[in-house]
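As a plain string of letters, each chain reads:
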Amino acid sequence: MRSVPFALAAMVAMAVPAVAEAADPAVAPVQALDDGLIAIMKAGKAAGVKGRASRIAPVIDRTFDLPLMTRLAVGSAWNGIAPADQKALVAAFRRLTIAQYADNFDGWSGQSFSIDPNVQARGSDRLVRTTLKSPGEAPVAIAYRLRQDGGAWKIIDVFYKNSISQLATRRSDFASVLASGGAKALISHLDALSAKAGG
Amino acid sequence: MSLPAILPALAAIAAPVQAEAPAPEPAIVAVDPRWFEPPAVEMETPPPVTVTHRHAEGDPLEGFNRRMFAAHEAFDKAVFRPVALAYQDVVPKPVRSGLRNFLRNLTEPIVFLNYVLQLKPGKALETAARFVFNSTLGLGGVLDVAKLPGFHLPHRSNGFGDTLGYYGVKPGPYLFLPFIGPTDLRDLIGGQADGLVLPLAVGDPFDRAEYQVPKGVIGGLDTRAEADSELNTLFSTAVDPYATLRSVYLQDRAGEIARLKGKHAAEPTSPLDTTLSDPLSDPLADPAAAPPARESTAPELSDPLADPAASSR
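Protein chains in written order, with the numbering used here: chain A, 1 to 199; chain B, 1 to 313.
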């Protein structure tokens, strides 16, 4: 019976890439975000900034851990902020994140994202590396740090050029206003930025 | 390192396309702590504790730097940006890229020298080859033929600031200087040394004002114009553009130096790899370490290099 080993070989050959593809659950949210971004880029100016925001909002809610990102960006001052203001900060951070993606990803001219299937584990977090390719331009490395939350992997930080952390930058960005005006001042600054971005 | 080197380094939302809004006004730049009175709002809990320090860690000259930043921004808005955009408008693209390539080609000997100093003969040879191809086939450097697929020798940036960092010299105090932009003491000294290489080694014409002045003006206008949309994006997404630029600059430099060191490390590491082994300091993770954060932890939060979520080791 020669057909049995052949069939086995064929099954193994098919199984290997399938296993590799299903590899890491942390890839899925990054893929969803990248797909969502390409979709709003293709929707383009015709959709308007509001239209793009309403399309990307559910994707961002699903793929980012926005409450955790807000806490981390605020830092240790978080525990001294009233619960109502904490809630408002998370809402303002969410609104700004959505508005800025919608504002910046406003047209498509052949860009694509590629995701490195080699997901790296770092402690309990995962690191997913991606590359943004634009025709005629040097590729840009964008990496995502994910953490598991209630069984789902969520993005908690974005690294530009593998070295610039969005969380670290935001922490620096927020520190001065937080120190001088507290949570309420930061909330109004974030809302003003969102309004300026059209969200 | 010059301003243009870090401008493409937008915070995470790298805009692949131009924003549709024309140059947003940096309306919210008033972030000097002294400009704010704490709002008289009722708060159930004590106000945040992150205050008390006049400057962020790594930025002991923050007061001076913020004044320089404000002066630079005012000059940029009134003169520099309009003139740079006019340059971009008036001068045809091939002429601008030709000048850009020509000036950059003249930096390749400095890149070469620093690869030698870092004991990286392979990269040094590639840089030398790039310089030779572009200086000859590229008509004196006007055409960047070396980056084409046949040669595949793209420009790499390197300088004395990198070499100092490579051998362990810390950045020192962060600086923002008009016309120079974001830098630090190490990179400022390194940049000045970079600028002296050709005048000292070759002399005429590189030590003459007839070369230096047009080089500074054309190079400055070109880099400002090319960086415009990215700069707009970076600043229009920031609560505190000064602090955002500082953070992005310091992280970017730490990343570049870590990459230079990477070859010699036991395993190829990026700053990302090393920081990910540290758990994030999620304030909610430890409610016992609750409210009054120790004063000493406050400045660390605004210093990306001391930040566990940030780069460097």
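The hints are simulated quantities; they were obtained by calculation from the structure and are not laboratory data. Since we're looking at a predicted model, the values are computed, not measured. C-beta atoms are modelled at their ideal positions from N, C-alpha and C, and glycine is treated no differently. Among the clues, some could well be false.
[Said to hold, decoys possible] For the chain B half of the interface with chain A, some residues (derived, Cβ under 10 Å), not all of them: (1) Arg67; (2) Phe75; (3) Ser97; (4) Arg100; (5) Thr136; (6) Gly203; (7) Asp204; (8) Pro205; (9) Ala238; (10) Ser247; (11) Asp252; (12) Glu256; (13) Ala258.
[Unchecked claim] Away from chain B, derived, C-beta distances all over 10 Å, residues of chain A: (14) Ala32; (15) Pro58; (16) Arg95; (17) Ser114; (18) Asp116; (19) Leu186; (20) Lys196; (21) Ala197.
query = Which hints, by number, does the structure contradict?
reply = 1, 2, 3, 4, 5, 6, 7, 8, 19, 20 and 21
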